[in-house]
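Asks: If you want the building blocks of each chain, they are given just below.
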Amino acid sequence: MGTAGLGIRQALLGLAALLFLIDLYLIFQYAPTASEALGLQVQRIFYFHVPSALLGMISFAVAATASVVYLTKRGRKWDRIAWASAEVGTVFFTVAIGTGAIWAKPVWQTWWVWDVNGTLTFMLWLVFIGYLIVRSYAPTVERGSRWAAVVAIFGAAAVPFVYMAADWWEGLHTERITGPGASGSMQSEIFVTFMFSLVTFLVLFIALVAERTAQRGVEESIEELRREVSA
Amino acid sequence: MNISTISKRTRIAIGIALVAILALPTTVLAATSAANEIPGESNLGFLLVGEIIVWAGFFAYAFYMSRKTNDLRREIDDLRAQLKAGAPSDL
Amino acid sequence: MKSYLRSAVAVYAKDMRLEARTKETFSAVLAFAVIVAFVFGFAFDPSPTVVALVGPGIVWVAYVFTGILGMNRTFAVERDRGTLEGLLLAPVGREAIYAGKLASTTTIMLVVEVLLYPVFLVLFELNLFNIWFVLITIAATVGFSAVGTLFSAIAAHTRAREILLPLLFLPIVLPVIIGAVASTSAALAGDGWDGVGKWLQFIVAFDLVFLVLSSWAFDFVLEE
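Chains as they are written, first to last, in my numbering: chain A, 1 to 231; chain B, 1001 to 1091; chain C, 2001 to 2224.
None of these hints come from the bench; they were simulated from the model. Values in this document were obtained by computation on a predicted structure and should not be read as measured data. Please note: incorrect hints may appear among the correct ones.
As the list claims (entries may be wrong) - Facing chain C, a subset of chain A residues (Cβ under 7 Å, in silico):
#1 Val68
#2 Trp114
#3 Val116
#4 Met123
#5 Val127
#6 Gly130
#7 Tyr137
#8 Arg146
#9 Trp147
#10 Val150
#11 Phe154
#12 Ala157
#13 Ala158
#14 Val162
#15 Ala165
#16 Trp169
Said to hold, decoys possible - Some residues of chain C that are not near chain A, with every Cβ distance over 10 Å (derived):
#17 Tyr2012
#18 Leu2018
#19 Leu2030
#20 Phe2042
#21 Ser2047
#22 Pro2048
#23 Val2050
#24 Val2119
#25 Val2134
#26 Ala2182
#27 Trp2193
Cβ coordinates follow ideal geometry from the N, Cα and C atoms, glycine included.
Please put together the full structure from these sequences, using the hints given.
Replies: Pasting the structure below:
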């Protein structure tokens, strides 16, 4: 799992691109138009929004796990994977937050709702940003890796607490908003399109993380060479 | 990073992607107006913005990564030159 | 275990003696807290309905910002004066240093927070002299300190410590903030254990988890 070869990485990217083309067709042609309550056409954002948010969560889990392994076993490759996951995860979360706002405005007349998912997504997005910024301000790459790992682990530990607090808070303060797409059973076309989108985003995630991890490997080699040259 | 440095194959790929990204929602738009749904009610503007966010997000990251690769390549050339010169030149 | 306690108390005592003599951190934090309270006083019309709605939020926003200032100073001051190396070289376990620092930061914050009770009373007619609120204050402040002391150790070693501490700290302690505000509402409304209990237990659980986690992580953070 250290560094995937160029062939595999290119294959993954190619696969992701292909899946995306098919996904676009499914989202815009195959999936039925949603009801008025869900916003008609704009509901199609759901097929981008939910997979993005889910993949963001997955990337956080990967980053946190890699961080634990890095702190306990100290292999460089775990730090590479964690960093790559954090970067890619930030992109996914940003897309999720952006599409969430765009979907919410016409349907609920508000740009943002502090429901459980929204609060969790926003909080993890902030943790990821802190993770990346800590690295750039650290005096050495080693310390940056360690500090970032601590940040990721703390974020993961806080997740159940954030979930519970946001859930109780929502129960106290708002009438339950049944999220778009949470109503009843899904038509088969909607389900198929959603699952395909999820797979597409998953492949994209793996492809991007593999690419970025490999790139980190190259960066580390260069750092090492620089040290040798100026020694 | 200017257009000429992007390889022909990459340009073709990007072209196909852009066509797909723009064409498919446009066909939805056409179908919608054909079926007499009023665009404002179906919130097509929002849908388009949403889609742009998705693509802008991933393309931005892709460009960031390819720029990093370019920087890395330049650093490697730099180091090679330094090694050839035989002396640690950045002290 | 005994040496751990002794070392932690030693670190704590040193900080408290320093504070008693110079009152540096304490006065800065207290002044800031009062200013924040007054800014809120100007910003909000303190009618009873408004205060009932936003009062708990105001109190905890004030406490959180004040806490950030206090926690930043925990290690920033040591680092700037160069005493941090001395502390690390001492034959004292890292966990003990963390515990001592945690205790001194918490003490200062608690004192300032309690001193703010009359300020809130005067500005907002908000009566915080309530046993449940005191318990909430203690629990939440310990939670803030547990996380903040650790991140302060990180931030103190960087150039951007003023922004780094809040950025790292706030997402993690978000549950404590939510819990503190919700339970304060209940406490001030006179709900007693029924309304407050659930949240109080929640915050205490958070405290326990993060006290352990921060203690463990402290070593990794300070490693060269």
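Asks: Each hint should be assessed against the structure and marked as holding or not.
Replies: Cross-check of the supplied hints:
Interface hint at A:Val68: violated, since its Cβ lies 11 Å from the closest Cβ of chain C, which is beyond the 7 Å cut-off. Look at A:Trp114: its Cβ only gets to about 10 Å from chain C, farther than 7 Å, so that hint breaks. Restraint check, A:Val116 versus chain C: the minimum CB separation of about 11 Å is more than 7 Å; hint violated. Restraint check, A:Met123 versus chain C: the minimum CB separation of about 5 Å is within 7 Å; hint holds.
Residue-level restraint check for A:Val127 holds (minimum Cβ-Cβ distance to chain C is 5 Å; threshold 7 Å). Look at A:Gly130: its Cβ gets to within about 5 Å of chain C, closer than 7 Å, so that hint holds up. Interface hint status for A:Tyr137: upheld, as the beta-carbon distance to the closest one in chain C is roughly 4 Å, under 7 Å. The restraint placing A:Arg146 at the interface with chain C holds, with a minimum CB-CB distance near 5 Å, inside the 7 Å limit.
Using the Cβ-Cβ criterion of 7 Å, the hint placing A:Trp147 at the interface with chain C is satisfied: the shortest such distance is roughly 5 Å. This hint holds: A:Val150 has a C-beta 5 Å from the nearest C-beta of chain C, less than the 7 Å allowed. Hint status for A:Phe154 relative to chain C: holds, with the closest Cβ pair at about 5 Å, below 7 Å. Given the 7 Å rule on beta carbons, the hint for A:Ala157 holds: about 6 Å separates it from the nearest Cβ of chain C.
Interface restraint check: A:Ala158 against chain C, minimum CB-CB distance 5 Å, threshold 7 Å, status holds. About 5 Å separates the beta-carbon of A:Val162 from the nearest beta-carbon of chain C, less than 7 Å, and the hint is met. Of the supplied interface hints, the one on A:Ala165 holds, with its beta-carbon coming within about 4 Å of a beta-carbon of chain C, less than 7 Å. With 7 Å as the threshold, the beta carbon of A:Trp169 comes within range of chain C, its nearest partner Cβ sitting at about 5 Å, so the hint holds.
Annotated as non-interface, C:Tyr2012 keeps its C-beta farther than 10 Å from every C-beta of chain A; the closest such distance is 23 Å. The Cβ of C:Leu2018 sits about 27 Å from the closest Cβ of chain A, beyond the 10 Å cut-off, so the non-interface label holds. For C:Leu2030, the shortest C-beta to C-beta distance to chain A comes to about 28 Å, beyond the 10 Å cut-off, and the non-interface label holds. The beta carbon of C:Phe2042 sits about 27 Å from the closest Cβ of chain A, which is more than 10 Å, so the claim that it is off the interface holds.
Its beta-carbon lying about 21 Å from the closest one in chain A, C:Ser2047 satisfies the requirement of being farther than 10 Å from that chain. Once the 10 Å rule is applied to beta carbons, C:Pro2048 is consistent with being away from chain A; the minimum gap is 20 Å. Its beta-carbon lying about 17 Å from the closest one in chain A, C:Val2050 satisfies the requirement of being farther than 10 Å from that chain. Annotated as non-interface, C:Val2119 keeps its C-beta farther than 10 Å from every C-beta of chain A; the closest such distance is 27 Å.
The beta carbon of C:Val2134 is kept farther than 10 Å from every beta carbon of chain A, the shortest such distance being approximately 21 Å. With 10 Å as the threshold on Cβ separation, the claim that C:Ala2182 sits away from chain A is violated: the shortest Cβ distance comes to roughly 6 Å. At roughly 16 Å, the least C-beta separation between C:Trp2193 and chain A is larger than 10 Å, which holds for a residue marked as non-interface.
Violated hints for the displayed structure, listed by number in ascending order: 1, 2, 3 and 26.
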